[in-house]
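These protein sequence lines map, in sequence, to chains A and B.
Note that numbering that gives the first Met the number 0 has the first sequence beginning at 0, numbered continuously upward.
Note that numbering that gives the first Met the number 0 has the second sequence beginning at 0, numbered continuously upward.
One side of the interface only, derived from the structure: several residues of chain B facing chain A at Cβ under 7 Å:
#1 A221
#2 R328
#3 A330
Bear in mind the hints are in silico, worked out from the structure with no lab data behind them.
All values derive from a computational prediction rather than experimental measurement.
Backbone N, C-alpha and C fix where the C-beta goes; we use that ideal spot for every residue, glycine too.
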Amino acid sequence: MKTAASKRFRVRARGPVACFTRPEMKAERVSYEVMTPSAARGVLEAILWKPAIRWQVHEIAVIAPVRWMSFRRNEVNSRATVGKFDYAADEDRAQRNTVALRDVDYVITASFSLVSGKAGAEDNLRKFEEMFERRLEKGQYFHAPYLGCREFAARVEVPPDGLTPSDVAVERRPLGLMFYDFAFGDSGSATRPLFFDAYLDRGVLQVPPWAQVLERNGGTP
Amino acid sequence: MMLAALNAFAQERGLADDPLYENRPVDFLIRVSAKGTFQGLESTQDERGNGLPLLIPRIPQRAVNIAAGFLVDNSKYVLGYEEEPAPQTGKAGKGAVRFAAFLKLVREALSELKVPELRAVELFLASAASREEALAERAKEEWTGSEMLAFAVGDSVEPVHLLPEVRAWWARRGAKEAEQGRRGLCLVTGRIGVLAETHPKLKNVPEAQRAGAALVSFNARAFESQGFEQGDNAPISRQAALGYVLALNDLLRKSEERRYRQGIQAGDDSVLVFWTNSTAKEESALLSWMDPSEADLRRFLEAPFRGLEPGVLDTRSFYSVTLAGNSGRVAVRDWFQTSVGEVKQNLRRYFADLRLGAGPAEKPTPVWRLLKAVEAPSGRGLSATLSTRMLGAALRGQPFPRQLLSAALDRLQLPPSDDKFEREQLRLRVALIKATLIRLPRSGTAPLEVSVSLDKTNSSQPYVLGRLFAVLERLQGAALGDINATIRDRYFGAASRSPMTVFPRLLQLSVHHASKAEAERKGSGKRLERIKGEVMALLDSKVFPRIFLLEEQGLFAVGYYHQREDLFARHTPSEPASSDDEPSDDTE
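Please put together the full structure from these sequences, using the hints given.
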């Protein structure tokens, strides 16, 4: 199924702290070196998301050099349950370590396409393109955009000209297998994580298209 | 990346060659006859009480669960030994359950194999009397429950679990078991494989549970997401999970002379381990640089300190991870990857930055000794994150944490707790200050020039005032001899923080000290007065600075140390021979 895609948008997202948690180091969080495609999608969806559109991230340029920091926090052991909001971190707690990134700065390049079945007759690409542009320009969002974890807020804006990635000199730096996104599946099928072979090409993370990643993960189950 | 690198390391060094077998010390062989009667308990321990390392079927992962090894296990499983026989009636004791699990596996093998030796073992195990007999072989107090036992039948030297047919069966069973389980893409190897539900445990991580703790674990509901349970949260194949754990356990293992075979303790609760895809020899050379053992230090003292061999940049990979225990879990505090050459260069720079004083080469200063020198006298240690950051900075060649500067300066102001170590401690502290200053992030401001030994041309005010303070202290010492509280004990902190409040007073005092010193020991007063004049000439004006910032205080301390060492060096050799004849000997 080939659907028409919107034009490519460029969005700059930066902030003092970020943690794109590796799934294998999730209890004691360790971040990926670079923003993951799924985190980038989250930033875009904070600005504009409708059931009718699906974002596809193409590139993530790493503008600031990778810097690390680590800290410990008291967090809760159990999940929040609907209707119960009075859990406290001093009763049911786990002290967890986080190895996070600091002073991050990314330029995300992405486009979206319409989801067949969800998009109505009145929906078209141009409409959403303009909505997104307007919203980004004005700084509007549905929820605060964040860098991997809710508490690490991002500043989101149209990137100025002349931003260059931090290691333009390095031709191809492998980052290993990186989390791509969840395949939420159609109704009934189980959610599963997808991974892709990530590398930085002159400071830019090239994000493969969805279909290619699905193939890499053993196809549709 | 980290797990992938560890897994690759395990493959390369052959640590994960055989997922079904492992090498473990076995303490006793139980010898049974072909008919299954007990014949004796043969100790395989050497004189130090260590068992004979033997290839045995891998012992399964155990926590509170019961899982038996195949034909080899500890006495709790093999003989159903229990420290305290279960008093509760009606319930089978844990020993009985363990033993049943062990026997079940033997019977499972026997149902498919016609091996007489296996039959004999089964007969022995089936008889409670024979087991009692085996237990009676040793005194009750001698059994601990942790001794590993294997079987041998008749006169055979070959233990039963190593018989070819038995091994073949174990391999078949292992292969069958490996097939069971969910398959998926492994995020470590990138290949489709059978995914691990839970991961094996790491041993020897400080502050973690004795029985071991897991690096990849999801032991509370909050750690899981998207409805996944356990290993499904992070799909990793069983083979990769075993690989990275074996690699880390190998690095964390105790060696004869070191606490960790290839790890350096950082703070109370963390350990830095590193590995390379270079050779083991190279690794141990690097290790002896980063964290010299006693033997290494002796070697360094015998052979002059030369530095790591310079030249070709080694591009092979160097990996390091700092692990910290958090009871049942292991946390990663820090992780990085670079090249071996880079690390060598950084280490060389680390030692060069620490060099202080013109004296002969001193023994290398491992990071933990530096940190020891600046920790609070109560010995509570510095925060673990600080030592982790410091170690990381040394290996990466990055600026040292600024926190260390203030810690070191604080320590300098305290009177020494023990005179014996005073000079050494002072050296370490000032060396740390110096290295921190040199490595300050250069952001536009003029870089701080800090030399190895006394720099008479340095006219930076904090440095000059530091020198002046050393001269004043010396003057006091020459005049009054040993006194309880010297001006250093009283005024060092104040002088380095706000010179204006202290120096005028000290200078006044020094005039008296000079005349007294001159009266008591001819020449010394004059000589010191002259040096004082030299130093004073470098001062910008007669007004002392009001306040010094942290970095300037550091420079003050370095100036103080340089001048102090210089006075010592000049004085000590010439004192006995020529106390009065040559007050103007200063040939450089």
